[in-house]
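Asker: So the sequence lines, in the order shown, correspond to chains R and V. Whatever position you read off the first sequence (first residue = 1), add 433 for the numbering used here. Whatever position you read off the second sequence (first residue = 1), add 319 for the numbering used here.
Bear in mind the hints are in silico, worked out from the structure with no lab data behind them. Here the structure is a predicted model, which means the values were calculated and not measured. All C-beta atoms, glycine included, are put in the ideal place defined by N, C-alpha and C. Watch out, some of these pointers could steer you wrong.
Derived Cβ-Cβ restraints for the label pairs, each shown as a range [to be verified]:
1. R462/V <-> V582/R: 41 to 49 Å
2. T474/R <-> K357/V: 40 to 48 Å
3. T474/R <-> D353/V: 41 to 49 Å
4. G745/V <-> G463/R: 39 to 47 Å
5. P862/V <-> T474/R: 48 to 56 Å
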Amino acid sequence: MESSRLILSLLVNNEAGVLTRISGLFARRGFNIDSLSVGETQNPRVSRITIQAAGDEYVRDQILHQLEKLHDVKVVEQMVLDNTVLRELLLVKVRAAPDTRGQVLDAVTVFRAKVIDLTPETMTMELTGEKSKLDAFIAFLEPLGIVEVCRTGVTAIGRGGYVLTQNEEE
Amino acid sequence: MRISGAQILMEIFREQKVNTVFGYPGGAVLNIYDELYKSADWLKHVITCHEQGAAHAADGYARATGKTGVVLATSGPGATNLVTGIATAYLDSTPMVAITGNVACNLIGRDSFQEVDITGITMPITKHNYMVKDVAKLADTLREAFHIAASGRPGPVLVDIPKDVQIAQCEFTPAEKETAPKAKPMDNAAVTKAAELIDSAKRPFLYIGGGVVSAGAGEELLKLAETIGAPIGASMMGLSAVPHSHPLFLGMTGMHGRYAASKALDRSDLIIAVGTRFSDRATGNKTEFSKDHKVLHIDIDPAEISKNIPAYVALVADVKQALTALNAYGLSHSDPEWLTEVRALMTAPDNHLTMDESILNPELVLKAVNKRLPPESPVATDVGQHQMWVAQYYSFEKPRTLITSGGLGTMGFGMGAAMGACIGTGLKKTVLVTSDGSFHMNMNELATAVANHLPLIVLVLNNSVLGMVRQWQTMFFDKRYSNTTLNRPTDFCLLAQAFGAKGLRLETLDKLDSVLDKAFSIDGPVVVDVRINRDEMVLPMIPPNGTIKDMILRG
Numbered sequence: 434m435e436s437s438r439l440i441l442s443l444l445v446n447n448e449a450g451v452l453t454r455i456s457g458l459f460a461r462r463g464f465n466i467d468s469l470s471v472g473e474t475q476n477p478r479v480s481r482i483t484i485q486a487a488g489d490e491y492v493r494d495q496i497l498h499q500l501e502k503l504h505d506v507k508v509v510e511q512m513v514l515d516n517t518v519l520r521e522l523l524l525v526k527v528r529a530a531p532d533t534r535g536q537v538l539d540a541v542t543v544f545r546a547k548v549i550d551l552t553p554e555t556m557t558m559e560l561t562g563e564k565s566k567l568d569a570f571i572a573f574l575e576p577l578g579i580v581e582v583c584r585t586g587v588t589a590i591g592r593g594g595y596v597l598t599q600n601e602e603e
Numbered sequence: 320m321r322i323s324g325a326q327i328l329m330e331i332f333r334e335q336k337v338n339t340v341f342g343y344p345g346g347a348v349l350n351i352y353d354e355l356y357k358s359a360d361w362l363k364h365v366i367t368c369h370e371q372g373a374a375h376a377a378d379g380y381a382r383a384t385g386k387t388g389v390v391l392a393t394s395g396p397g398a399t400n401l402v403t404g405i406a407t408a409y410l411d412s413t414p415m416v417a418i419t420g421n422v423a424c425n426l427i428g429r430d431s432f433q434e435v436d437i438t439g440i441t442m443p444i445t446k447h448n449y450m451v452k453d454v455a456k457l458a459d460t461l462r463e464a465f466h467i468a469a470s471g472r473p474g475p476v477l478v479d480i481p482k483d484v485q486i487a488q489c490e491f492t493p494a495e496k497e498t499a500p501k502a503k504p505m506d507n508a509a510v511t512k513a514a515e516l517i518d519s520a521k522r523p524f525l526y527i528g529g530g531v532v533s534a535g536a537g538e539e540l541l542k543l544a545e546t547i548g549a550p551i552g553a554s555m556m557g558l559s560a561v562p563h564s565h566p567l568f569l570g571m572t573g574m575h576g577r578y579a580a581s582k583a584l585d586r587s588d589l590i591i592a593v594g595t596r597f598s599d600r601a602t603g604n605k606t607e608f609s610k611d612h613k614v615l616h617i618d619i620d621p622a623e624i625s626k627n628i629p630a631y632v633a634l635v636a637d638v639k640q641a642l643t644a645l646n647a648y649g650l651s652h653s654d655p656e657w658l659t660e661v662r663a664l665m666t667a668p669d670n671h672l673t674m675d676e677s678i679l680n681p682e683l684v685l686k687a688v689n690k691r692l693p694p695e696s697p698v699a700t701d702v703g704q705h706q707m708w709v710a711q712y713y714s715f716e717k718p719r720t721l722i723t724s725g726g727l728g729t730m731g732f733g734m735g736a737a738m739g740a741c742i743g744t745g746l747k748k749t750v751l752v753t754s755d756g757s758f759h760m761n762m763n764e765l766a767t768a769v770a771n772h773l774p775l776i777v778l779v780l781n782n783s784v785l786g787m788v789r790q791w792q793t794m795f796f797d798k799r800y801s802n803t804t805l806n807r808p809t810d811f812c813l814l815a816q817a818f819g820a821k822g823l824r825l826e827t828l829d830k831l832d833s834v835l836d837k838a839f840s841i842d843g844p845v846v847v848d849v850r851i852n853r854d855e856m857v858l859p860m861i862p863p864n865g866t867i868k869d870m871i872l873r874g
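I would like the entire structure built from these sequences, with the hints used as guidance.
Answerer: Below is the structure:
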């Protein structure tokens, strides 16, 4: 079976230890997490988690079913990628002496990034977008001298009426 | 009504109709024990010798009764001593609530005396766990814990209560009249698909697991088997779900399964798997296992469908509900030749392997026990060869009478579990079949059995070796008996007496009846040291990851 990228969206109780339960489940069942992002929703008692993982149909089914069994997990859904907006935030710091600064600023314009900090030696940018865009930006900056990279991991939301909702029976 | 956290715990026990708790006191549960002292008229607390014994006792209690077992321990080592017991319950889906004390909230995270992160430790071996830091949340958390433990696929839940939360007071509101939990509606399309699949099968085989026992669905299962003409084989956890004397019951399947059961499963065209998770011990080689037959998988846990063996059709439902729905379908009978073939397998000499009858052997001992023990009485085991012999030779006629650690395979499970089963069944005569290896692990609990005057017969099948490991060393390691020859000089009769129990020794076949009669005539705990041959094997055996073709029938 072919391994493919999975984006999972979860609504979970905003309780201590929830992340440990979820990451622990992946670890002990032998599934990998490529990225995970988490934040509060409009309801402070509920957090939303986006997990990017890879696996074939078997792994996907197991991940979904095992996650559903966790008491703190209220909703798990595999996002339909054609109908989902995916974003990731990148913060990147490069060496930017006066002679290379121009090249960096060109890239900032082309990628529609934003300069958020500047010192005589470094420049720091933020960029949001899909993974491939962030990867391309980093690849361009690489030869110029990257000092630090910080990525949030993918977060995802369905388009239009494609909404993650909690069953009311709970 | 303003009451303390410890009092709330008692109120919830009362609400949940808990009348027996197994446990061990300590610094972080003193307040709870103070309330137990005051509740002694309606709540029995059984103090064991070790928290592990208490956890196994709560587990055994739950297995024998179907009620949720409750165990109580203090913080730190008290809590960690529960871990094996909780994992055992988790792997066999036993409903259990474990209550632990912890240090006060302001001491948590400071490596305080007897502090341990028990919720962290037990996360992968509980259905869910909690640390309650606010007394106002205690009552509802405990109610939820009992609900989770017993609902769906049952399992253990742990609630960790810091000492200051036990002392703190809050307003307690008794639960409103409980509403019976509504069973989730079944997917009717799946029921139809399952029924059609069964109807199309010519040679169906019912493979049943612990889910049938826990759902109390033995009758429904037999009805289905009789309607469609399907033989029944069980995983070890599925033993006792239906009477073993039933003409369609073939016995255990799997690594040490019975010849006819394994053969019939292999020759079937449809495996109807009910309340089972296809453990590797039950299937052997998974690829070969699923060849040549379709699998209809009925289980309450959707995560079990196609986890180990791909299901052709799946029916996610409470087993009893699913079987009732299928029975209402008017299913047709299998090919008449199928049951003729199955009966031939049952009468085949290979299905009636016997041990050397000229000497005292485990088969004769267990059959002699079987004759004496009422069918309602629980039989507990430890883990190893003796456990397999019980599974092979004991005829269980009533559900919940086999108390054994299947998934985790916990040596040392037996003493605690037997006590829990004995107490849970209102002090029915209980037999623990164990071995010198397993019994040495937790024999301290004999003291608990004596203190509670339990009518318990501990049958130590004593071969002076770790028999199961030795068997593997014989078969797969060229007889290099690394650390399995114990030859411990322990005198089990003297040991029993030292604990205040009776001790008997059975060394030769001619004494079998007289010694067992004597053992059964004794009211309190009695240990019978049964000397058996160290090279006795558990057969048949399908080697790990093997198939029916690899079945070893004779040593």
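Asker: Would you mind marking each hint as holding or not holding in the structure?
Answerer: Quick rundown of the hints versus the structure:
{"no.": "1", "hint": "R462/V <-> V582/R: 41 to 49 Å", "in the structure": "holds (48 Å)"}
{"no.": "2", "hint": "T474/R <-> K357/V: 40 to 48 Å", "in the structure": "holds (45 Å)"}
{"no.": "3", "hint": "T474/R <-> D353/V: 41 to 49 Å", "in the structure": "holds (43 Å)"}
{"no.": "4", "hint": "G745/V <-> G463/R: 39 to 47 Å", "in the structure": "holds (45 Å)"}
{"no.": "5", "hint": "P862/V <-> T474/R: 48 to 56 Å", "in the structure": "holds (53 Å)"}
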